[in-house]
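Asker: Spelled out, the chains give:
2 protein chains.
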Amino acid sequence: MPADRCIITDWVVIFTMAAFSGVRKAAGEQRRGAILQAARAVFARQGYADTVVEDIATQAGIGKGTLYLYFPSKEQIYLAALLEEARQLDTDSRAAMSAAATWRDKLGAYLKVRLDYFGAHQDFLRIYMTEFRGMCMQGKPFAAEFIHLVEAGEAQLAQMFAAAAARGEVRPIDPELAALTVSDITRGLMERQLRNWGRPVGVDDATFAFDILCRSLAASPTC
Amino acid sequence: MPADRCIITDWVVIFTMAAFSGVRKAAGEQRRGAILQAARAVFARQGYADTVVEDIATQAGIGKGTLYLYFPSKEQIYLAALLEEARQLDTDSRAAMSAAATWRDKLGAYLKVRLDYFGAHQDFLRIYMTEFRGMCMQGKPFAAEFIHLVEAGEAQLAQMFAAAAARGEVRPIDPELAALTVSDITRGLMERQLRNWGRPVGVDDATFAFDILCRSLAASPTC
DNA sequence: AATCAAACTGACCATCGGGTCATAAATGGA
DNA sequence: TCCATTTATGACCCGATGGTCAGTTTGATT
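Respectively, the protein sequence lines represent chains B and U.
Residue numbers for the first sequence follow my numbering, so the first one is 1051 and each next one is one higher.
Residue numbers for the second sequence follow my numbering, so the first one is 1051 and each next one is one higher.
Read the hints as simulated data drawn from the structure, not as lab findings.
Fair warning: there could be bad hints in the mix.
Repeated chains share a single entry, so a pair holds when one copy, or any two copies, can fit it.
[As the list claims (entries may be wrong)] As a list, the in silico DSSO-like pairs of lysine-lysine whose alpha-carbon atoms are at most 30 Å apart:
| no. | residue 1 | residue 2 |
| --- | --- | --- |
| 1 | 1114 | 1162 |
| 2 | 1190 | 1124 |
| 3 | 1114 | 1190 |
| 4 | 1162 | 1124 |
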């Protein structure tokens, strides 16, 4: 193997490989992400039915045909735009909850993650609250993974309550029902955040919700 | 006025009048109602977007053109089908709550009316939970009266809490927030009722919700 | 039986929008 | 510079559907 081939040629080889498998691919990923972001903006503003594929292309600054190089259909764009966010939320949520020690702290972490995440991703919040949740509730099969993520989140809460109940820290309630109640109240909180689009939801709102949950679930009256 | 004209002719006159102003109109009202019921069945099954106007006509057992003699558009059918039910729910709710004496009973009445009404009108429940609520949340202007009814219901709860708080029966919480919390938890209850389409929602579920609310809002720990 | 108006109907129209593809631009290696 | 390959584009296609209306049925009245 001649030494004079090493530096330059190898660099070229590496660069070429990078161009084909790395940089090119990375550029594609970036565009893909940009499309999803544009899609979220448009879907949040107009809803699924009132959105025309060309709207998304325009928002993303590309032609309609280009969209179909990255996604096979309008429906798949929609789904991908939401799944991306849902996965991230799930990840954040797990991290924050497992970092907390007591059930109260875990509950607080659950609320905080959602408040923060949805605060920073209002498009996602709006789409989810105003129509995607409903689609999941109907049996739309294409939302299967999303539904799975939501249920996983509830299961995590339920498990937390079961453990806390076993330790006598919360009343001996059905952990499933407790989890669903947390879920319901959180949803209400998020909806109100949506109503004041822009200015952050009152901290009062969140502390009230936390207070309600602690009072009604804790074993000891001290909160 | 000849007597021999009386029996027969008067009957004819009465019948004619009835035919034109009463029976005819009543028949029209009845058909209108039948259309709305058919519409609810179809919209509940397929959702707004996936419903074709002809589906509603078929379900109602009439031609598509006939629909347009009673309603000006698909959207108006949808709206009318939901408003009819929403008005009735509001009426029932007001009656039951004002019949109750204590705030606990009023709260129980609020829950019971919703449980009963939605149990008996599952199509309405499904449409409202899966898509119409979302449409209201977006600023869809055509849903204005519906939104007004929902807000009136929440205001009624808030007023109840304000009065109870003044009497020291509930903790000195923001009555608005308390009302919204009741609303949130009730919605969760209804959603679960929807999931077990058919068999009635577990009474456990409802009593759990009532219990949670009482514990977290009552002034005295006794529940 | 004849007449008439009201109620009904579904074939038809016009529009709309998701998805395609022939063509053009860009990129990069020789 | 020139060619090859990848990427981008928007005019076009076509199935779907909300709404219309010319024609039919109904049924009451004379």
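Asker: Look at each hint and say if it fits the structure.
Answerer: These are the hints, each one checked on the structure:
no., hint, verdict
1, 1114 x 1162, "neither (38 Å within a copy, 51 Å between copies)"
2, 1190 x 1124, "both (15 Å within a copy, 23 Å between copies)"
3, 1114 x 1190, "both (26 Å within a copy, 27 Å between copies)"
4, 1162 x 1124, "neither (33 Å within a copy, 42 Å between copies)"
In the structure shown, a violation is registered for the earlier hints numbered 1, 4, in ascending order.
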